Amino acid sequence: MIPCWMQMKIPKKNETPATLTIPIFILWILLFMVLVLILPVWLIASFILILAGYGWTGFLTLGLLCQVFWTLQGLEVDVKTKDITVYFKLI
Amino acid sequence: MSNEKKRILEMLSQNKINVDEAERLLAAIEEPSDGTNANPEKKMLKYLRVLVEPIGPDSKGDRVNVRIPMNLIRAGLKWISLIPKEARGKVESALNDKGIDMDFKKLRPEDFEEILFNLNDLQVEVDGGEKVRVFCE
Numbered sequence: 001m002i003p004c005w006m007q008m009k010i011p012k013k014n015e016t017p018a019t020l021t022i023p024i025f026i027l028w029i030l031l032f033m034v035l036v037l038i039l040p041v042w043l044i045a046s047f048i049l050i051l052a053g054y055g056w057t058g059f060l061t062l063g064l065l066c067q068v069f070w071t072l073q074g075l076e077v078d079v080k081t082k083d084i085t086v087y088f089k090l091i
Numbered sequence: 001m002s003n004e005k006k007r008i009l010e011m012l013s014q015n016k017i018n019v020d021e022a023e024r025l026l027a028a029i030e031e032p033s034d035g036t037n038a039n040p041e042k043k044m045l046k047y048l049r050v051l052v053e054p055i056g057p058d059s060k061g062d063r064v065n066v067r068i069p070m071n072l073i074r075a076g077l078k079w080i081s082l083i084p085k086e087a088r089g090k091v092e093s094a095l096n097d098k099g100i101d102m103d104f105k106k107l108r109p110e111d112f113e114e115i116l117f118n119l120n121d122l123q124v125e126v127d128g129g130e131k132v133r134v135f136c137e
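Protein chains in written order, with our numbering: chain A, 1 to 91; chain B, 1 to 137.
Just so you know, not all the hints are guaranteed correct.
[As the list claims (entries may be wrong)] Taking lysine-lysine pairs in the DSS-like style, the calculated list, with each CA pair at most 25 angstroms apart, reads:
1. A:Lys-80 x A:Lys-13
2. B:Lys-46 x A:Lys-82
3. B:Lys-106 x B:Lys-85
4. A:Lys-82 x A:Lys-13
5. B:Lys-98 x B:Lys-85
6. B:Lys-131 x B:Lys-60
7. A:Lys-12 x B:Lys-60
8. A:Lys-12 x A:Lys-82
9. A:Lys-80 x A:Lys-9
10. B:Lys-60 x B:Lys-85
11. B:Lys-5 x A:Lys-9
12. B:Lys-105 x B:Lys-90
13. B:Lys-46 x B:Lys-98
14. A:Lys-89 x B:Lys-85
15. B:Lys-131 x B:Lys-106
16. A:Lys-82 x B:Lys-6
17. A:Lys-89 x A:Lys-13
18. B:Lys-6 x A:Lys-89
19. B:Lys-5 x B:Lys-16
20. A:Lys-12 x A:Lys-80
21. A:Lys-80 x B:Lys-60
22. B:Lys-106 x B:Lys-90
23. B:Lys-106 x A:Lys-89
24. A:Lys-12 x A:Lys-89
25. A:Lys-9 x A:Lys-89
26. A:Lys-89 x B:Lys-78
27. B:Lys-131 x A:Lys-80
28. B:Lys-6 x A:Lys-13
29. B:Lys-78 x B:Lys-60
30. B:Lys-106 x B:Lys-78
31. B:Lys-46 x B:Lys-60
32. A:Lys-9 x A:Lys-82
33. B:Lys-78 x B:Lys-46
[As the list claims (entries may be wrong)] Residues of chain A clear of chain B, computed beta-carbon distances all greater than 12 angstroms:
34. Cys-4
35. Ile-10
36. Leu-20
37. Ile-29
38. Val-34
39. Ile-48
40. Gly-63
Hint data in this document are derived by calculation from the structure and do not stem from the laboratory. Because the structure is a prediction, the values reported are computed rather than measured. A virtual CB, placed ideally from N, CA and C, is assigned to each residue, including glycine.
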């Protein structure tokens, strides 16, 4: 499933970190709109790539890009070092 | 031990077959009868985990906890097929110069998954006092 929410932790000095839940499904809606807008250009570029001998690269890229977004759910990164603290989780 | 295994070992002891042949025969009878050699445990693997923890309860070293969905890795590996032939050749020759013999055509997502599965629970202790664990769950 495509992730809909992103959980982030913002570190605070001498306090427990604040947890922020960001609705990233809004981002997907925006991306979808951008994709619809650029789709004609993408299709033309893909046909040019086929004619130039690069095969189905253009079409495959679009498919694989969607697959990567689709499989992002469950990704969790939690890094705590002296210099940086990063926490995010895609739900 | 099954009859087939006993028979293979008997043939080996009687020098009717050599060690390589015995190994191949044993591997053949261990494969599932439906032709698929997929381990059921492998299908259940959902995440690749990388954990870095300081050794000792009160040490203040770096901590890393990364969980990557296996499907994301599989999807990422498919991007290899999109590398143009010319670029692939250049990368392979550059790796060859460094002494790494790599053929992208032969690299399959299943092989990578096999490596990850066989890692089981790789544990490395780093000089700085950290314990690195790589495993699938």
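Each hint, compared with the structure:
1. For the suggested pair Lys-80 of chain A and Lys-13 of chain A, the alpha carbons sit about 14 angstroms apart, so the restraint of at most 25 angstroms is met.
2. Note on Lys-46 of chain B and Lys-82 of chain A: the hinted pairing is violated, with a Cα-Cα distance of about 31 angstroms set against a maximum of 25 angstroms.
3. This hinted pair checks out: Lys-106 of chain B and Lys-85 of chain B have alpha carbons roughly 14 angstroms apart, not beyond 25 angstroms.
4. A C-alpha spacing of about 13 angstroms is found between Lys-82 of chain A and Lys-13 of chain A, which places the hinted pair at or below 25 angstroms, so the restraint holds.
5. A distance of roughly 20 angstroms separates the Cα atoms of Lys-98 of chain B and Lys-85 of chain B; the hinted pair therefore holds under the 25 angstroms criterion.
6. Annotation: proposed proximity of Lys-131 of chain B to Lys-60 of chain B holds, straight-line Cα distance about 13 angstroms (limit 25 angstroms).
7. Distance check on the hinted pair: Lys-12 of chain A and Lys-60 of chain B sit about 18 angstroms apart at the alpha-carbon level, within 25 angstroms; holds.
8. Only pairs whose Cα atoms come within 25 angstroms are accepted, and Lys-12 of chain A paired with Lys-82 of chain A is accepted, the gap being roughly 14 angstroms.
9. Pair hint Lys-80 of chain A plus Lys-9 of chain A holds up; C-alpha atoms about 11 angstroms apart against a cutoff of 25 angstroms.
10. Taken as a hint, the Lys-60 of chain B and Lys-85 of chain B pair is broken in the structure, with Cα atoms around 48 angstroms apart against an allowance of 25 angstroms.
11. Proximity of Lys-5 of chain B to Lys-9 of chain A is assessed by CA-CA distance (about 57 angstroms); at most 25 angstroms being required, the pair is judged violated.
12. The suggested pairing of Lys-105 of chain B with Lys-90 of chain B holds, with an alpha-carbon distance near 14 angstroms, which does not exceed 25 angstroms.
13. For a cut-off of 25 angstroms, the pair hint linking Lys-46 of chain B to Lys-98 of chain B is broken: about 34 angstroms separates their Cα positions.
14. Proposed proximity of Lys-89 of chain A and Lys-85 of chain B is contradicted: the alpha carbons are some 36 angstroms apart, above 25 angstroms.
15. For the hint pairing Lys-131 of chain B with Lys-106 of chain B, the CA-to-CA distance comes to about 33 angstroms; that exceeds 25 angstroms, so the pair is violated.
16. Taking the CA atoms of Lys-82 of chain A and Lys-6 of chain B, the gap is about 60 angstroms. The hint is violated against a cut of 25 angstroms.
17. About 22 angstroms separates the Cα atoms of Lys-89 of chain A and Lys-13 of chain A, which keeps this hinted pair within 25 angstroms; it holds.
18. Distance check on the hinted pair: Lys-6 of chain B and Lys-89 of chain A sit about 52 angstroms apart at the alpha-carbon level, beyond 25 angstroms; violated.
19. Distance restraint check for Lys-5 of chain B and Lys-16 of chain B: the Cα-Cα separation of roughly 15 angstroms lies within the 25 angstroms cut-off, and the hinted pair is therefore satisfied.
20. Among the hinted pairs, Lys-12 of chain A with Lys-80 of chain A is consistent with the structure: their alpha-carbon atoms are about 13 angstroms apart, no more than 25 angstroms.
21. Of the pairs offered as hints, the one joining Lys-80 of chain A and Lys-60 of chain B holds, with about 10 angstroms between alpha carbons and a cut-off of 25 angstroms not exceeded.
22. The hinted pair formed by Lys-106 of chain B and Lys-90 of chain B meets the criterion: a straight-line CA distance of about 16 angstroms does not exceed 25 angstroms.
23. For the suggested pair Lys-106 of chain B and Lys-89 of chain A, the alpha carbons sit about 34 angstroms apart, so the restraint of at most 25 angstroms is broken.
24. Note on Lys-12 of chain A and Lys-89 of chain A: the hinted pairing holds, with a Cα-Cα distance of about 19 angstroms set against a maximum of 25 angstroms.
25. For a cut-off of 25 angstroms, the pair hint linking Lys-9 of chain A to Lys-89 of chain A stands: about 9 angstroms separates their Cα positions.
26. Distance restraint check for Lys-89 of chain A and Lys-78 of chain B: the Cα-Cα separation of roughly 24 angstroms lies within the 25 angstroms cut-off, and the hinted pair is therefore satisfied.
27. Restraint check: the Cα-Cα separation between Lys-131 of chain B and Lys-80 of chain A comes to about 14 angstroms, which is no more than 25 angstroms; the hinted pair holds.
28. In summary, the hint linking Lys-6 of chain B to Lys-13 of chain A is not supported, as the alpha carbons are separated by about 68 angstroms, beyond the 25 angstroms threshold.
29. Taking the CA atoms of Lys-78 of chain B and Lys-60 of chain B, the gap is near 39 angstroms; set against the 25 angstroms cutoff, the hint is violated.
30. Distance check on the hinted pair: Lys-106 of chain B and Lys-78 of chain B sit about 13 angstroms apart at the alpha-carbon level, within 25 angstroms; holds.
31. Of the pairs offered as hints, the one joining Lys-46 of chain B and Lys-60 of chain B is violated, with about 30 angstroms between alpha carbons and a cut-off of 25 angstroms exceeded.
32. Restraint check: the Cα-Cα separation between Lys-9 of chain A and Lys-82 of chain A comes to about 16 angstroms, which is no more than 25 angstroms; the hinted pair holds.
33. The hinted pair formed by Lys-78 of chain B and Lys-46 of chain B meets the criterion: a straight-line CA distance of about 18 angstroms does not exceed 25 angstroms.
34. Listed as outside the interface, Cys-4 of chain A is consistent with that label: its C-beta sits roughly 15 angstroms from the nearest C-beta of chain B, beyond the 12 angstroms cut-off.
35. Annotated as non-interface, Ile-10 of chain A keeps its C-beta farther than 12 angstroms from every C-beta of chain B; the closest such distance is 17 angstroms.
36. No Cβ of chain B approaches the Cβ of Leu-20 of chain A within 12 angstroms, the least distance being about 18 angstroms, so the stated non-interface status holds.
37. Under the 12 angstroms C-beta cut-off, the non-interface status given to Ile-29 of chain A relative to chain B holds; the minimum distance is some 22 angstroms.
38. Residue-level check passed: Val-34 of chain A sits 21 angstroms from the nearest beta carbon of chain B, beyond 12 angstroms.
39. The Cβ of Ile-48 of chain A sits about 14 angstroms from the closest Cβ of chain B, beyond the 12 angstroms cut-off, so the non-interface label holds.
40. At the 12 angstroms boundary, the C-beta of Gly-63 of chain A falls inside the reach of chain B, the nearest C-beta of that chain being 9 angstroms off.
Of the numbered hints given earlier, the model fails hints 2, 10, 11, 13, 14, 15, 16, 18, 23, 28, 29, 31, 40; all others are met.
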